[in-house]
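Colleague: Take the sequences, apply the hints, and build the full model.
Protein sequence lines correspond, in order, to chains A and B. Everything in the first sequence is counted per full-length UniProt numbering, starting at 1 for the first residue and increasing by one. Everything in the second sequence is counted per full-length UniProt numbering, starting at 1 for the first residue and increasing by one.
Certain hints may be false.
Claimed, not checked - Restricting the straight-line Cα-Cα distance to at most 20 Å, the calculated cross-link-like pairs of lysine-lysine (PhoX-like) are: (1) K129/A <-> K145/B; (2) K88/B <-> K80/A; (3) K206/A <-> K11/A; (4) K185/A <-> K129/A; (5) K80/A <-> K89/B; (6) K55/B <-> K129/A.
To be verified - Stretches of chain B that chain A covers, calculated by requiring three or more beta carbons in the stretch to come under 8 Å of a beta carbon on chain A: (7) 64-73; (8) 115-123; (9) 216-223.
Stated by the list, open to error - Simulated restraints on C-beta separations: (10) N132/A <-> D86/B: 17 to 23 Å; (11) P211/A <-> R115/B: 36 to 42 Å; (12) I126/B <-> G175/A: 24 to 30 Å.
Because the hints were derived from the structure by calculation, they are not lab data. Glycine residues also receive a C-beta, built at the ideal position from the N, C-alpha and C atoms.
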Amino acid sequence: MISTQIIGNYKFVLFVDDVGIERNSVKILDNILREANLLYEINDGSVTVLKQTNVILEAISRLELEYNEKDIFTNIQKLKLNENVSQIFAWISSNNVHSKILIPFLEHMSELIVTIKSNNQLSILSKSKSGNVKLKEYHHELMNNKTMIKEIKIEKVQEQKEDVNVDNIGTFKIGQFTAEELEAKRNLKLPFEKINSINQEKKEAKIIYTPDNVDDFDEEDDPDNDLQFI
Amino acid sequence: MSSFVKIKKENNVEIAGVKTSIRNWQIVSTGSESFNFILGGGLELNSITLIGEDKYGKYSDILTKLFLADSFHHNHHIYFASLDNDPKKIMKEIPMPNEYQKDTKTEETISNDLRIAFRYQDLPKIDSVQRGSSQNSVTYDLTKKYEKDVIERYEKINYYSFNEQQQRGENVFDSIIRDLQSTLAQKPELLRVCISSIGSPLWFTGESFSSDLITFLTQLKSITRYNNVVCYLTMPLHLINLIDEQLIFKIRRLVDCNINLESFNNIEKQTNAVFKQYHGLLHIKKMHSIAALQSHKPEAFDLAFKLKSNRFLIEKLHLPPELQENDSSEISMSCSSIASGGGNKSLDF
Numbered sequence: 001m002i003s004t005q006i007i008g009n010y011k012f013v014l015f016v017d018d019v020g021i022e023r024n025s026v027k028i029l030d031n032i033l034r035e036a037n038l039l040y041e042i043n044d045g046s047v048t049v050l051k052q053t054n055v056i057l058e059a060i061s062r063l064e065l066e067y068n069e070k071d072i073f074t075n076i077q078k079l080k081l082n083e084n085v086s087q088i089f090a091w092i093s094s095n096n097v098h099s100k101i102l103i104p105f106l107e108h109m110s111e112l113i114v115t116i117k118s119n120n121q122l123s124i125l126s127k128s129k130s131g132n133v134k135l136k137e138y139h140h141e142l143m144n145n146k147t148m149i150k151e152i153k154i155e156k157v158q159e160q161k162e163d164v165n166v167d168n169i170g171t172f173k174i175g176q177f178t179a180e181e182l183e184a185k186r187n188l189k190l191p192f193e194k195i196n197s198i199n200q201e202k203k204e205a206k207i208i209y210t211p212d213n214v215d216d217f218d219e220e221d222d223p224d225n226d227l228q229f230i
Numbered sequence: 001m002s003s004f005v006k007i008k009k010e011n012n013v014e015i016a017g018v019k020t021s022i023r024n025w026q027i028v029s030t031g032s033e034s035f036n037f038i039l040g041g042g043l044e045l046n047s048i049t050l051i052g053e054d055k056y057g058k059y060s061d062i063l064t065k066l067f068l069a070d071s072f073h074h075n076h077h078i079y080f081a082s083l084d085n086d087p088k089k090i091m092k093e094i095p096m097p098n099e100y101q102k103d104t105k106t107e108e109t110i111s112n113d114l115r116i117a118f119r120y121q122d123l124p125k126i127d128s129v130q131r132g133s134s135q136n137s138v139t140y141d142l143t144k145k146y147e148k149d150v151i152e153r154y155e156k157i158n159y160y161s162f163n164e165q166q167q168r169g170e171n172v173f174d175s176i177i178r179d180l181q182s183t184l185a186q187k188p189e190l191l192r193v194c195i196s197s198i199g200s201p202l203w204f205t206g207e208s209f210s211s212d213l214i215t216f217l218t219q220l221k222s223i224t225r226y227n228n229v230v231c232y233l234t235m236p237l238h239l240i241n242l243i244d245e246q247l248i249f250k251i252r253r254l255v256d257c258n259i260n261l262e263s264f265n266n267i268e269k270q271t272n273a274v275f276k277q278y279h280g281l282l283h284i285k286k287m288h289s290i291a292a293l294q295s296h297k298p299e300a301f302d303l304a305f306k307l308k309s310n311r312f313l314i315e316k317l318h319l320p321p322e323l324q325e326n327d328s329s330e331i332s333m334s335c336s337s338i339a340s341g342g343g344n345k346s347l348d349f
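Modeller: The structure is reproduced here in structure tokens:
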């Protein structure tokens, strides 16, 4: 039922009607509130509310004829701050308003926005106090005075991803080794790898020199012979 | 006996919470370490900073609270104006500072199971969070709040709320300027002005809104320049765009620093899979440079922000590695899908 989604902590609920069913707006809102057993009074925003109640604003396109935008916003804010008001419901038809800024500005002020997109589809955007925003799509039949709504679950079109078989990708093996291959892999000494200190060779630097056949130790011509050092 | 006379900087007054930096003269912290780093240390004294709000205002709210927390912590005079929400209520929710922690940055070296060259083994993991090397600034923990009466007892704060505006009945902009002038008449050490959500429906004054706003910003700028004031404004730019497309450019000329937030909501359009780890993007539109010819140039311009439970972090935008060939339905960068050679799955070397 649509009332379960709408009635709650949302102080200002805005109905944005893209279809053009404004003349049924009061009836629709009346149905919804009656279903939830809630009292309401119709207000044009300028009268102070003295007892605990919900307020249905006159259709915004009609308010627009009487007040300017600034006054509409101010009046709505005053209703919002009024502790006697539990919830405010407003209806705005996009094809009936003249001002370009009314709909986006009112959407900014509202905590819950019901956008009636077509004769059978609507969406509900709810802003929580912590700043999280949720958008859900529903099927509706508000035109036929039915207040049941059914959620449309948007299925993400997931094309079948062919499971990439890792083994067959390339010309070398990535996974799946035999035990011997694993052992060989682990023992392979990589070029710049840090060698563990346990296995480290002795710290002295040794120069290992194996002379070729052609190399000869030439005793006579050794120029360092006469140097006296040990 | 030399006749050398040392020149003293007489106008360099030491104010708590204000640092002197080489480039920016005197800077004030924003409350968030990352944000300070991007701005080159913090907000410049005598400057106006404009934050373009994200669509539902969640993250700009947090930045505002951090700014207020820093002002409160350093005992600065605060002027907080907000028509949309009750400023007193917001003030009660400001975060407390973290207890002073020594440099506990854990350097995660790459784990020893990985066999890599010795040169790279001891390097710390790449940390793309934007932060300075000195950890001297105070950071705030978003989960910790002050007790109610601590803030109520704070005297050096002036509020301007919707109710106040209704009582006075005059133009919003005029009353704010008047308030600021009277607050400054008491000569506070440092006044931090925070005005939230200018341009939201309640600020709308009708047809003259654009010119009123420009006049207001000009007056604010002159007040800010000639007194010890730091201004922090936030505006829902997507709404201002609807009033007048050219207005945002005029506004940008008048403020000193403009940074826009763009949050990912996953509602209107499917968030690019690439941005999974971030909460939104940060766009630097204008950088302050009051005391120098050149503005601070941040290390990277592709910045993204992330809100952790207790901190607000700004990071250099990293694209995750492209490991698998993605179908074109999953939105990926167009150049990579071309480069993967569409369809040919075997890696041939």
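Colleague: Evaluate each hint against the coordinates.
Modeller: Evaluated hints:
1. Note on K129/A and K145/B: the hinted pairing holds, with a Cα-Cα distance of about 17 Å set against a maximum of 20 Å.
2. Under the criterion of a C-alpha separation no larger than 20 Å, the hint pairing K88/B with K80/A is consistent with the structure, at around 17 Å.
3. Distance restraint check for K206/A and K11/A: the Cα-Cα separation of roughly 84 Å exceeds the 20 Å cut-off, and the hinted pair is therefore not satisfied.
4. Note on K185/A and K129/A: the hinted pairing is violated, with a Cα-Cα distance of about 57 Å set against a maximum of 20 Å.
5. For the hint linking K80/A to K89/B, the alpha-carbon distance of about 16 Å falls within 20 Å, and the restraint holds.
6. A C-alpha spacing of about 15 Å is found between K55/B and K129/A, which places the hinted pair at or below 20 Å, so the restraint holds.
7. Only residues whose C-beta sits within less than 8 Å of a C-beta in chain A count toward coverage, and the segment 64-73 of chain B has 0 of them, not enough to reach three; the restraint is violated.
8. Counting residues of the segment 115-123 of chain B whose beta-carbon sits less than 8 Å from any beta-carbon of chain A gives 6, enough to reach three: the coverage restraint holds.
9. Only residues whose beta carbon comes within less than 8 Å of a beta carbon in chain A count, and the segment 216-223 of chain B has 0; fewer than three means the coverage is violated.
10. Our hint of 17 to 23 Å for N132/A and D86/B holds, since their Cβ atoms are close to 21 Å apart.
11. Remark: the range hint 36 to 42 Å for P211/A to R115/B is upheld by a beta-carbon distance near 38 Å.
12. Range check, I126/B to G175/A: about 27 Å between beta-carbon atoms, so the 24 to 30 Å window is met.
Checked against the numbered hints above, the structure breaks hints 3, 4, 7, 9 and satisfies the rest.
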